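Asker: Read top to bottom, the protein sequences are chains W and F.
With our numbering applied, the first sequence corresponds to residues 1 to 62, in that order.
With our numbering applied, the second sequence corresponds to residues 1 to 202, in that order.
Honestly, the hints are just simulated from the structure, not real lab data.
Please read all numbers here as calculations on a predicted model, not as lab measurements.
It is possible that part of the hints are untrue.
[Said to hold, decoys possible] When the alpha-carbon atoms are kept at most 20 Å apart in a straight line, the in silico SDA-like pairs for lysine to any residue are as follows:
| hint | chain 1 | residue 1 | chain 2 | residue 2 |
| --- | --- | --- | --- | --- |
| 1 | F | K143 | W | E17 |
| 2 | F | K141 | W | H16 |
| 3 | F | K143 | W | W21 |
| 4 | F | K143 | W | V27 |
| 5 | F | K143 | W | W41 |
| 6 | F | K141 | W | W14 |
| 7 | F | K143 | W | H10 |
| 8 | F | K143 | W | M26 |
| 9 | F | K143 | W | V11 |
| 10 | F | K141 | W | R18 |
| 11 | F | K143 | W | Y23 |
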Amino acid sequence: MTSFGRALWHVVYWTHERATWQYDVMVAAILGFIWLTPPDWLGDPTATGGGLLVWLWNVFRG
Amino acid sequence: MTTTGLIGAICMLPLRAMIRAAVVLRIHPNVLTAIGVCINVAAAWALALGRFVTAGVIMIVANIFDFIDGKVARERNLESEFGGFWDSVMDRFSDISLFLGLIYLYSALGRTDYVMITALAMMFSVLTSYTRARAESLIEKCKVGFMERPERIVLFMIGAFTNRMAAVLWVILVLSIFTVADRIYYTWRELDRAKRGAGVAA
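Could you put the whole structure together from the sequences, leaning on the hints where they help?
Answerer: Structure follows, in structure tokens:
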């Protein structure tokens with residue numbers, strides 16, 4: 001199995017404890033998904049605005 | 001110390017004072033559990049009305065009770081098998097209440113797709129707890145999989161406070177499916193290993 005495959009397996013087959021660096025990385029990935037995904041992509045029935053990603057895009061575009 | 005470990009340590013400071021207060025006031029831990037559930041039902045009601053920030057605040061209060069009940073039981077030497085059973089059952093009641101609040105909301109908004117996503121997330125969340133409970137009647141421990149109750153509750157709060165409940169539901173659904181699969185696989189592997197071990201010994 002390649003290192004990418006091994007990493008993916010460890011994400012799917014989760015055996016790490018809380019308060020480990022693996023847990024922190026997973027939490028960061030989850031928060032990234034929640035806050036960066038534009039709500040329109042998910043058809044969010046209640047969210048307003050374009051989300052953090054759209055806001056950042058607008059900031060960088062000026 | 002990791003980032004999540006540091007956040008946990010900071011949150012423990014006010015919680016320790018509350019545990020102390022509950023011990024001094026001699027409040028029974030099972031009563032704390034019941035109070036937490038009642039408050040969680042109020043959070044579910046707020047979710048059903050689409051008042052996410054209110055729901056988030058109520059969830060924080062409810063989960064303080066849920067968090068401190070076990071610690072108070074330990075401090076007062078009131079730990080019991082029934083207490084553990086009562087806590088587990090009430091946890092499921094609280095979890096399902098929150099999901100039902102969202103199902104009501106999405107149903108009122110005419111969003112059948114999110115009614116289904118929420119219902120599936122609820123189903124796999126219940127299965128997450130069930131697989132572990134059933135597995136631990138067969139093997140010693142079955143603590144694999146990421147999406148356990150504390151993660152679910154924190155995600156609900158994040159979804160409520162930042163109005164990103166749809167993304168949160170997707171995360172809960174996908175990771176709960178993985179968690180259930182992890183527990184089934186782990187239990188099968190452990191039982192198979194035990195069977196082989198018994199075969200070799202014979």
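Asker: Could you run down the list of hints and mark each one as holding or not?
Answerer: Against the structure, the hints come out as follows:
no. : hint             : result
1   : K143/F <-> E17/W : holds, 9 Å
2   : K141/F <-> H16/W : holds, 14 Å
3   : K143/F <-> W21/W : holds, 18 Å
4   : K143/F <-> V27/W : holds, 18 Å
5   : K143/F <-> W41/W : violated, 34 Å
6   : K141/F <-> W14/W : holds, 15 Å
7   : K143/F <-> H10/W : holds, 14 Å
8   : K143/F <-> M26/W : holds, 17 Å
9   : K143/F <-> V11/W : holds, 15 Å
10  : K141/F <-> R18/W : holds, 16 Å
11  : K143/F <-> Y23/W : holds, 14 Å
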